[in-house]
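S.K.: The residues making up each chain are set out below.
There are 2 protein chains.
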Amino acid sequence: MSGCELCEIVGGELVWQDEACRVVRVDGAEGADFPGFCRVIWQRHVREMSDLTDAERRHLMTVVFAVELALRELCQPDKINLASLGNVTPHVHWHVIPRWQDDRNFPAPIWAEPRRPDHVARPAPSLEALRTRVSATISAEQGGGH
Amino acid sequence: MSGCELCEIVGGELVWQDEACRVVRVDGAEGADFPGFCRVIWQRHVREMSDLTDAERRHLMTVVFAVELALRELCQPDKINLASLGNVTPHVHWHVIPRWQDDRNFPAPIWAEPRRPDHVARPAPSLEALRTRVSATISAEQGGGH
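Chains A and B are the protein sequences, given in the same order.
Residue 20 in my numbering sits at position 20 of the first sequence; the count goes up by one each step and never skips.
Residue 104 in my numbering sits at position 104 of the second sequence; the count goes up by one each step and never skips.
The shape of chain A in the complex, shown without the other chains (with noise of 0.2 Å):
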């Protein structure tokens, strides 16, 4: 849709895509903060997840656990915290964000004042890392789950 940013833009460095969804890695302050964060995002422009049909939330909820699944391995935080919000930009995406007890905003959301606006993040995985765990979780996830 025009003047909509998550249709003219990817948002990040792209990890994964197929026909209906993208991950990719959240760059600039959120990232660095909240190492490996990750969007996935709805290619075509669809304000509510309840717009979509059950077989296209089912296809994006299993990318959006995946994800999860993937940055649990990868990064080993302490909690993940999954958000489609839109506010700001009412195109379906899922934020899918590792949570450490010593974070910039732990045991609060991210979007809260920050608690340690002083802390020093953990190194952010590599987008090499990111690209190969993804792929083999999502498609190990669309093998039919555990």
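Each hint should be verified, as a subset may be incorrect.
Unchecked claim - Covered by chain B, per the in silico footprint, the following chain A stretches (three or more residues, Cβ under 8 Å):
(1) 13–24
(2) 45–53
(3) 65–79
(4) 95–107
(5) 110–118
Claimed, not checked - List time: in silico EDC-like cross-link candidates among lysine to aspartate or glutamate, alpha-carbon distance up to 16 Å:
(6) A:Lys-79 / A:Asp-51
(7) B:Lys-79 / B:Glu-48
(8) B:Lys-79 / B:Asp-33
(9) A:Lys-79 / B:Glu-48
(10) B:Lys-79 / A:Glu-48
(11) B:Lys-79 / A:Asp-102
(12) A:Lys-79 / B:Asp-51
(13) A:Lys-79 / A:Asp-102
Keep in mind that the hints were calculated from the coordinates and are not lab data.
Please read all numbers here as calculations on a predicted model, not as lab measurements.
Glycine included, every Cβ here is placed at the ideal spot set by N, Cα and C.
Starting from the known structure of chain A, arrange chain B on it as the hints suggest.
M.R.: This is chain B only, laid out in the frame that chain A set:
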């Protein structure tokens, strides 16, 4: 699990439940600020979505998306926000939050610093209306989606 709030209390006004999960209406200030705000809580103590089996995840998400659809129909919000965080209470639960352009925080997430601390929220849907609509929507979605 002993010491887990969501293992020990219902966590709101019960709207719907089965053996696997329950839907509650959020009480208190959050519920007053975001009328219709519901949580979908997995009955068993599980930490992450990727700790559930594929069938369990699919069941839970069918309920989450049915609650989203019911809230869209009942409350006509400008946007729905979905989130599974669990940093404070690491027991799988989903926030399903109706948002309006003039609500306390829009377009920021509800966990950010309030932009309109003096806003007056809409009245919440009655528990009866919520129960009727959520039950009907879950039954319809479990019948195969759309």
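S.K.: Would you mind marking each hint as holding or not holding in the structure?
M.R.: Quick rundown of the hints versus the structure:
Residue count for the stretch 13–24 of chain A with a Cβ under 8 Å from a Cβ of chain B: 0. That is fewer than the three needed, and the coverage hint is violated. Look at the stretch 45–53 of chain A against chain B: 5 of its residues bring a Cβ nearer than 8 Å to a Cβ of that chain, three or more, so the hint holds. Counting residues of the stretch 65–79 of chain A whose beta carbon lies closer than 8 Å to any beta carbon of chain B gives 5, which reaches the threshold of three, so the coverage claim holds. For the stretch 95–107 of chain A, the stated coverage by chain B is satisfied: 3 residues place a CB nearer than 8 Å to a CB of that chain, which reaches the threshold of 3.
With 3 residues having a Cβ less than 8 Å from any Cβ of chain B, the stretch 110–118 of chain A passes the three-residue criterion, so the hint holds. For a cut-off of 16 Å, the pair hint linking Lys-79 (chain A) to Asp-51 (chain A) is broken: about 29 Å separates their Cα positions. For the proposed pair Lys-79 (chain B) and Glu-48 (chain B), the alpha carbon gap of about 25 Å is over 16 Å, so the pair is violated. Taken as a hint, the Lys-79 (chain B) and Asp-33 (chain B) pair is honoured in the structure, with Cα atoms around 15 Å apart against an allowance of 16 Å.
Between the alpha carbons of Lys-79 (chain A) and Glu-48 (chain B) the distance comes to roughly 8 Å, so the proposed pair stays at or under 16 Å and holds. For the given pair, Lys-79 (chain B) sits about 8 Å from Glu-48 (chain A) by alpha-carbon distance, which is consistent with the 16 Å threshold. Distance check on the hinted pair: Lys-79 (chain B) and Asp-102 (chain A) sit about 32 Å apart at the alpha-carbon level, beyond 16 Å; violated. Restraint check: the Cα-Cα separation between Lys-79 (chain A) and Asp-51 (chain B) comes to about 12 Å, which is no more than 16 Å; the hinted pair holds.
The hinted pair formed by Lys-79 (chain A) and Asp-102 (chain A) meets the criterion: a straight-line CA distance of about 12 Å does not exceed 16 Å.
In summary, the numbered hints that this structure violates are 1, 6, 7 and 11.
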